[in-house]
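Engineer: For the record, the sequence lines run as chains Y, W, G and F.
When we follow the working numbering, the leftmost residue of the first sequence carries the number 1, and every step to the right adds one.
When we follow the working numbering, the leftmost residue of the second sequence carries the number 1001, and every step to the right adds one.
When we follow the working numbering, the leftmost residue of the third sequence carries the number 2001, and every step to the right adds one.
When we follow the working numbering, the leftmost residue of the fourth sequence carries the number 3001, and every step to the right adds one.
Check before you lean on any hint, since a few could be wrong.
Stated by the list, open to error - Across the chosen pairs, the derived CB separations fall in these ranges:
#	chain 1	residue 1	chain 2	residue 2	range
1	F	P3190	G	F2063	52 to 62 angstroms
2	F	N3011	Y	T5	27 to 37 angstroms
3	W	D1289	G	L2064	54 to 64 angstroms
4	G	R2195	F	R3335	35 to 45 angstroms
5	Y	K371	F	G3016	30 to 40 angstroms
6	G	F2114	F	N3011	55 to 65 angstroms
No lab work stands behind these hints: they were computed from the structure.
Ideal Cβ placement from N, Cα and C applies to all residues, glycine included.
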Amino acid sequence: MRGITKIYRETGLHANEDVSLSVEEREIHAIIGENGAGKTTLMKVLYGLEPPDDGNIFLRGKEVIIPNPLAANKLGIGMVHQHFTLIPSFTVAENIVLGIEPRTKGVFFDRESAVKEVGRVIEEHNFHINPRTRVSSLTVGQMQQVEIIKMLYRDVDLLILDEPTSVLTEQEIVKLFENLQRLVKAGKTCVLITHKLDEVMQISHRVTVMRKGRVEAVRYTRDVDCRELSRLMVGKSVLFDFEKKEQDTGKTVVELRDVTLLKKGQERPLLDHLSLELHAGEIVGVAGVGGNGLGELEDVITGLRHIQSGAVYHDQKDITNIGPIAMRENGLAYVPADRLFRGSSVQSTIRENMIVTNPRRFLRAGVFDQKKIQVFAEDLAKQFSIDGNPDIPMGMLSGGNIQKVILARELANKTDFIVFSEPTWGLDVAGSEFIYKKILEIRDAGSAVMLISSNLDEILGLADRLVVLYRGKMVANLRNRGVSKETIGEYMLGLKDDFPKKKADAS
Amino acid sequence: EKESETAAAEPFNIAAFVPGVVAGSPLYEQLVEGAEIAVAEFDNATLKVVEGGFNQAEWEEKMTALAAGGEYDVIISSNPSMPFVSMNVAKAFPDQKFIFFDAYLDGHPQFSTHLYNQVEQSYFLGYLAGLVTKSKMAGANPDLKLGMIVAQQYPALDKMMRPGFEKGAKAVDPGITVDFRVIGNWYDANKAADLANAMFDIGVDGIITICGGANQGVINAAKERGKYVYFMDSNEYHQAPGTILGCGVLEQTKLVSEVIREAILGNVEYGKGTIYHARDGYVDFIDSDPLYTDNVPADIQAAQKKVVDSIRKGELILEVPEL
Amino acid sequence: MNSAQFAFPLLHNTIGIMTPFLLAALGGLFTELGGMLNIALEGLILIGAFFSVVFAAFTGSLFLGVLLGIAVTMIIAWIFGAISIYLKANVFISGLATNLLASGLTVVLAFQFFGNKGVILFQDLPKLPKFTIAALQRVPLLGDIFLGHSVFVYLSWVAVLLAYVVIYRTPFGYRLRGTGIDQKAIRALGLNPQRYQIAGILISGFTCGLAGALLTLQLGAFVPNISAGRGWIALVAIYLGNKKPLGILIASFVFGLAESVSNYAQGAINVPADFILAFPYLITVAAMILFSIWQHRKSVV
Amino acid sequence: MKHRRTEFFVNTLSLGITIGISFLIVILMILLMSETPLKTMYYFFLGPFTNKYYFGNMLNASIPLIFTGLGIALAFRSSMFNLGGEGQVYAGGLVATFFLLIINESGPAVLGILVALISSALLGALLAGMSGFFRMKWNTDELISSFLLSSAVVLIVNYFITGILNDPNTNLLTTPPVNERFWFLKIFLPSNLDISILFAVLTAVGVYFFLFYTKWGYEMRMCGLNREFSRYGGINVSRYMVMPMLLSGGLHGIAGSVAVMGTYHQCLKGFSGGIGWNGIAVALIAKNNPLAIIPAAVFFAYLDAGAKAAMLHSDVTFEIAAIVQSVIFFLVTARAIHDFIRFRKKEVQV
Ligand SMILES: Nc1ncnc2c1ncn2[C@@H]1O[C@H](COP(=O)(O)OP(=O)(O)OP(=O)(O)O)[C@@H](O)[C@H]1O
Ligand SMILES: Nc1ncnc2c1ncn2[C@@H]1O[C@H](COP(=O)(O)OP(=O)(O)OP(=O)(O)O)[C@@H](O)[C@H]1O
Ligand SMILES: [Mg+2]
Ligand SMILES: [Mg+2]
């Protein structure tokens, strides 16, 4: 790609400016850069999803024009998006062949040969997925495999992966990397967009660093280290170290007792007799492979989902199934993983987003006191250095700023326990660091914190206690002292279980 | 010719307000036709026809709009409800004169109303239907059942047409019953057909249909099932010869043209309601049409003629109840 | 009166009554699966009704009439779709607008060409052929209930089968359903979701044209507003039928039965006609609520 | 602030273009269909302004539309669809008439009017609220259920009007007229325009205030934009499936009683025809902004009045109004036109 420029019409934003990128055959080429650096945009241009305003694309020396993804596929270019593009109610095979379906008599969808051909591709590349299962019952990692298989089925040589690891667990990442390496060995080429520098170091041959829509540098991976990369990315060197005060834990704030969550038509409980205590001034880090109950725990402890048996206590008071409104009255604050849909109303103004958890306090004689809201909003914006006029829709903010608004709002009320779920997903280094600082501040102020995350560095760095869920069951509950990533990995995969007896008791 | 000269001096403008649409409603067609005939006789007379649509709630407003312009010497209309719709309009425009046909209200100084004896009209059809259902005609069956399908219920229907039809049928045989069904609107012809079929299924062999545009459904169903239809207000034998066995008519064209002629000449008496009977020649049964004489057996024709004639001559009197 | 004697004609009529609902709902299903709400069914039926009979009278051929009627209906459907999809209008309003357009246009054209805003009678229109097999006519049930309907009835059954095959057994069906579930996913595959949505709307135009043609051709006349709310019922049938062809068949049958029962009930029981006329709607609401309770139970433990 | 001003400019311009295109289509249609096109156009566009009667009636026709438009907008704002307006208006008119007939001579007039307004609001609220309740309880699609219920209600109201409440002294299908004490004051004779237009305007302001200055209004809007977010934020989401429907139905009911006390003075069969449907169009043209509903309703009434005038004084049929209205609906929400203008404006600025 040479001299690619892309301007988004609606905003007039120069997402790519004179970007050149060359990828060699059979290499794994990493692209890194802060949020909004233009990585995804560049790849969308390459994949025919966005027409470039300027610049040319060359494939094996010949100039090509790529009007749409189908054309890209024909040229051997495939892309796996950051957000999956699968139809949940279709089976794996149906999803994979969609768009280039095998047919019988020229008109009918040939389901049998779809299954057969997809099965062949799966086998050929050593994946383990049943082509007849519905996508809705797959784990996130498996869905990603389906996306990759979808591209392989289209016989692409160049595979673009946009932040493939952000939603995966350590184990799944390992698996993914194995797959990628095998593909490269088989003659394919990979472009990998990521925020995680260790991954770049681990797997890529070359790395392109982007900043503010331009290419900052191109390096052979063996010639650089993490520190240099992050300097290239943000312009200054950032250190990952958590200055954590030692602190005694206080009283029990929230307690889960034998909590069980069932889903109709599914035998295995989503949460299986889970018992857990959150203490004041303590961060409990919850880890687990996707699909093992992390999301469910998030929903249950915040009152969004009802449990079938067990109980939840707050300050010794039974608050089982009281629902999200009463949970908030009991002092819950909550920063959700899904910040765009659950955490904010993107069409509403920032102001309106800021007052949702406690609109009552801005009422005077039953009517909103607009001035008070204004003052409050400006105040929070200053405290959390949020860029943006409080009157603009939340959706116009950048990802990092959206997360800051949510955080500001959640901390504005008096809270004694706070749940963070994937607080730094998709955030850049500076943004993540800001969030980490806040989490530690909250803990030091004496709140109970639950940190649900698939980022093990984050958990190991911040948590006082580590909990691991496997198949909805707690398999570890340890103090975070000298615990290694590998140990946690073993728990996460179900190789180790500290509470095997409990399960026997229950059944 | 002479008349037009005498009144040539001043223009005389007439508005015909049709509470519904003209086409498909015989009485409205005849209202317009009659008015046109009268107007054509005078050089100074004009006619404007306004269709008010089916929503009766809008009639008053549209009527007021007509009166408000002050352009019309007289507003004519045809429908039992029109005097009542126009009451407030008349109050607001005390100089406006109205002539209503197919309606009755005595004593309002701005209104001249003209009502037909529709008991007689439907009695004719009821009697014929009674004769047919007891006959050996191809479509008739031994059941003593007749049917009536209407668009909706309204006073003139409940007080004149329904009792008239039943009375006529029972005059043939007191054991005859009349099955009565409502469509709910004036346009769902397919529902009308479904209702007709449902009636045929339980032994009805002749239906009187009073449902505007939806009549078509009844006629169609009857034609397909070889059953019979009795039609109100105009001569419609040609629509389905052999299926439409009888047509009871009102001579609205004649009456309207006569009354309008007098109105243009300034001879109409306002403040009066008049009722017109078969003996006056304004209500009749069509027994001269070849499509009637050819399709109805001679014995039935003879029996029917006896009754029709006695009403025409005023020997058999059927009173119009108070509306 | 014994009940079996009643049951056969009742069911026979039910099949006739349900046909327009069924046809319109099957087409509407394709729009719905493409992720768009088709409020316009009512208007499209009306357009189909008007143009089919007018063209049939004009050409003297039922077949040509229906064909041209469907063509016009599909053009109007295309306008509805194009405005919703390409001009990005709110489908809800553009659907209402289509209904309004249909009621206005048919009357205005009738007035313009026939000088008439009421019934337009076409005397010498050929009769709609009925399907009867003399040999089978005597077979109980079959002869009494399923035979002797107009060709449209059998067309509608074929349409159910066809809809099933197209939706579940062709690439088009998969892509259409995919569009309804996640447009972005379809776009990412290099397919154009808008094309499938337009196709879904055109199909609804096709079947609504058929449904309308049935209403006027079996009558040999056009009456303004002859669709009389059937498009709305069809929309309900799509939901009640759980967005599946077979479900729609059942839902249409339920409504047809309710209406048929109410037609028979008017003579049999002494309840004001208006209440009986309201009965099909109430039955349908009740069915809808029961259905959603059942679905609700299924999704909650 | 700047952001808002630009939005306003873009909105106004795109509305102008929409209406311009629609009028061009009308002119084309009139040229095709009328033998006296100039006269027809004169009456179509200017007819409503040619005399006090037409003008007043046009404003009068907008009154129920303001109420139903507000009702629809309230529901839309919280993502609920009330498709049962017709029945709610009709039932509201009936119950108001019923109580006024019972009260007749007794008690002060204001009391009777209050009873009428409240009873109509309650009945309307009950009818629409049922659909909201079913939605909350079992996730029954409120769009369809409200439509079906309304279809049944219309027929049942018909029964009361033509049956037990029918006026025996007239051949109209109607209840007897209510006592003259309850008739709203006419403020623009000889037209039908009555004092309730002020009430309608006040209600619009009230709804605006409710939506943007009260906690309920705020929470309702949040639920409308994103239910998951609202639930997360501690808003009682179930409540806001029922409440907006109750309010929406209430406003529809009031539209019915106001039409009875202001215009018809009795409950005529079929008087609600179109009021409910047109309310949806009005709300959507106004983009669910309560204040914009007032001009939208007047505009809607203007189109109707123009078509009526053209029909009365010229040779075209009333139904051309339906075609014009449909064209306007088609274009008014076409976001593409809107975006195009916004885009243009940006380029000019840059
Ligand atoms: N859909 C959109 N419409 C208008 N403006 C947008 C849109 N998306 C993003 N922007 C603007 O583009 C800018 C960059 O957005 P982006 O989300 O890429 O930021 P970012 O670099 O990821 O920031 P952060 O590091 O805080 O997450 C933001 O200021 C935002 O206002
Ligand atoms: N459809 C769009 N319309 C307008 N602006 C957009 C659009 N998509 C992206 N942008 C903006 O373009 C810029 C580059 O976005 P891009 O998605 O390429 O960044 P990225 O490097 O992939 O960031 P991230 O790490 O957050 O995925 C951002 O400021 C973003 O807000
Ligand atoms: Mg990206
Ligand atoms: Mg008999």
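Engineer: It remains to establish, for every hint, whether it holds in the given structure.
Structural biologist: Verification of the hints:
Separation of P3190/F from F2063/G is about 57 angstroms and conforms to the stated range, judged on CB atoms against 52 to 62 angstroms. Taking 27 to 37 angstroms as the suggested C-beta distance range, the pair N3011/F and T5/Y conforms, at roughly 32 angstroms. Between D1289/W and L2064/G the CB atoms are about 35 angstroms apart, so this pair departs from the stated range of 54 to 64 angstroms. Distance hint check for R2195/G and R3335/F: the Cβ-Cβ separation is about 19 angstroms, which falls outside the suggested range of 35 to 45 angstroms.
Between K371/Y and G3016/F the beta carbons are some 35 angstroms apart, a value that agrees with the proposed interval 30 to 40 angstroms. A hinted range of 55 to 65 angstroms is violated for the C-beta pair F2114/G and N3011/F, which are about 42 angstroms apart.
In summary, the numbered hints that this structure violates are 3, 4, 6.
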